[in-house]
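2 protein chains.
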Amino acid sequence: MATAGPAAAARHHEGEGTYVESRSGTAVSGPAPAEPVSVPALLARARTLCTPPLRAAVAGLVAPMDTVAAYHFGWIDRDGTPVSGDSGKAVRPALAVLSAQAVGAPAQAGVPGGVAVELVHNFSLLHDDLMDGDETRRHRATAWTVFGPAQAILVGDALATLGTEVLLDAAVSGGADAVDAARAVRLLTTATRRLIDGQAQDLSFEHRDVVTVEECLEMEGNKTGALLAAASAVGAVLAGADDRVADALQRYGHHLGLAFQAVDDLLGIWGATEVTGKPHWGDLRQRKKSLPVAAALAEGGAASRRLAAQLADPQGRGEESEQVLAARAALIEEAGGRAWTQGEARRQHKTALAALDEVPMADAVREHFVALAEFVVVRER
Amino acid sequence: MATAGPAAAARHHEGEGTYVESRSGTAVSGPAPAEPVSVPALLARARTLCTPPLRAAVAGLVAPMDTVAAYHFGWIDRDGTPVSGDSGKAVRPALAVLSAQAVGAPAQAGVPGGVAVELVHNFSLLHDDLMDGDETRRHRATAWTVFGPAQAILVGDALATLGTEVLLDAAVSGGADAVDAARAVRLLTTATRRLIDGQAQDLSFEHRDVVTVEECLEMEGNKTGALLAAASAVGAVLAGADDRVADALQRYGHHLGLAFQAVDDLLGIWGATEVTGKPHWGDLRQRKKSLPVAAALAEGGAASRRLAAQLADPQGRGEESEQVLAARAALIEEAGGRAWTQGEARRQHKTALAALDEVPMADAVREHFVALAEFVVVRER
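The listed protein sequences derive, respectively, from chains A and B.
Quick note: the first sequence uses my numbering, first residue 182, plus one each step.
Quick note: the second sequence uses my numbering, first residue 182, plus one each step.
Only true hints are included.
Intra- or inter-copy, both count: the list cannot distinguish identical chains.
Here are the computed lysine to any residue pairs in the SDA-like style, where the Cα-Cα straight-line distance is at most 20 Å:
{"hint": "1", "residue 1": "469", "residue 2": "505"}
{"hint": "2", "residue 1": "469", "residue 2": "479"}
{"hint": "3", "residue 1": "469", "residue 2": "245"}
{"hint": "4", "residue 1": "469", "residue 2": "315"}
These are calculated hints, taken from the structure and not from any lab test.
Input sequences plus hints: build the corresponding full structure.
Set out below in structure tokens:
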């Protein structure tokens, strides 16, 4: 991993996930905080604030949708027994809560936004897992495999709708202004539509041998950037932020999403299965048009041309051996796809932090945004 | 059909659909208008007003969702050739437009509401057809059978989201107040959640032998009443109606929806296939827990008990012959299920008109609401 600094290399084993330098390696923006920000504490705070209203919203669903949703969120197992499992990282709720603090409001003002983006995120997971035929997520059987496709469709629909209701309720009982609640609904609805656009593009890519880097970035901007953009601004909007601030926070989230997705694409090929919870070489087996593949195909050299020939060959599609897939991963790396995507994650990370600099906010809040961004791009799963 | 007046009998053939008296037979409310209201003209006006913005919204979807949606709406065939087919009755857009006029606003003020309810209605059709495994709708192959389940899920999601966007846009470019647009979004979102609740209840009924009349009415209130309630008030809300007026208009739509669904349940058993476009005895073949069945089971006499025994018998489920199903329909009628449901349609129709009487409005507008209500309950498909 030629691009990783020594500090990062010391923290992570080769091939297990350090795709961009950690902040200690490069100091991307501003002076280092006196005390390091604890991202786990930030995420735990977001969960403490957002999980109770999230669970209350989900508990209000008509049976058996409440059970299906609780299973999907990792709160119960398939027999209904409560479990304290992995409910996801809570990055989106943490951003929503921080965005309220960015404009001087209490963290609490961002909570309806955090709950709403988490609901929309999980709507898209439920539907995407079914559409993509994915059978596991976070080391567990996906909801559609346990409760059937109809329940996955229905509960996804219900969560998306609840997201809007939670934001509208923020104006009724949460202290938000009615017009600000409507602006937050607009933010979330636009993000939801772009999520759907991104999934449509992703599905359409399956029928093609080649996807350009630009097309791939557009798809990922919709599928991942849009909701992180909404998460990074929704709390501020609920607290009455003006459009200029909301726009800058959205740009931070959008570019953070693109950085996140670049890392995800790297993990989809080179991530350790036991850490990511995803099948080994899964993205290559599905011939997914991710950024490393698109970048490798665009490079045009010998390895790039061999990769293109392999991907154009319908033979063996979906049945390739581990060896064939490992060789393909090496080909992508040889054609520069891995390095380009690592660079892209760094560039998007930097652009996100630059957008943040446009918004005046308390130093402590800014440091939290910076720490979350680093957490998103320096990760193993 | 003992309950139908002579005028209605003259207009409809026995067994083809007259389930409640036509207005000329019973004069349910107020004096007869000097000139009969032309419902086809009302519906045509709603289509003229709402179809262009509806098509514009759908055309903005990312490919291939635009094509899938256009097929679903009946605007193109599966090869993409434009067709002028049956796009549905446009009752919901007609109600939305009328509801703006009810508060003295121009019909145009209700158009975003008409477009939005039509989008949400078609979201639910796309998803319900897939969940229910229905292969035809309006005499055509359902979208999921033509484009696959993933596209049906995705396009349904997109239409639901577009519905909210169209209402929010009404505040940006349609002249609506931002707070009124947010109230309209709330109205539509609540209706969407209840639609989903209703579908969840409908699906859960499939696993049961007996459903009470009350449970059936609750399910139908969610699945059909909620969106007709929203349609009947959304234009008024966009035009700034107060809560009292919006509430009365919603009650009109809710009870109209229950009347509509009672008629639908009757048509699902006794409707003529060539008119409804649905398979003969389809509801009985699926052992659907519709109102006539629930009412017949509640009656408790000899025919009712024989019906209960048949429905509790897992043998032959889904494979019953035409003769067996015809005998079952006769049993439901003998146990009073048909007559009770006809009466229920009349009662709900009457309650809807009573709610309408609470709202002061121009006579011409009221007559249109009354005519639409009669159209909904006196129909063959």
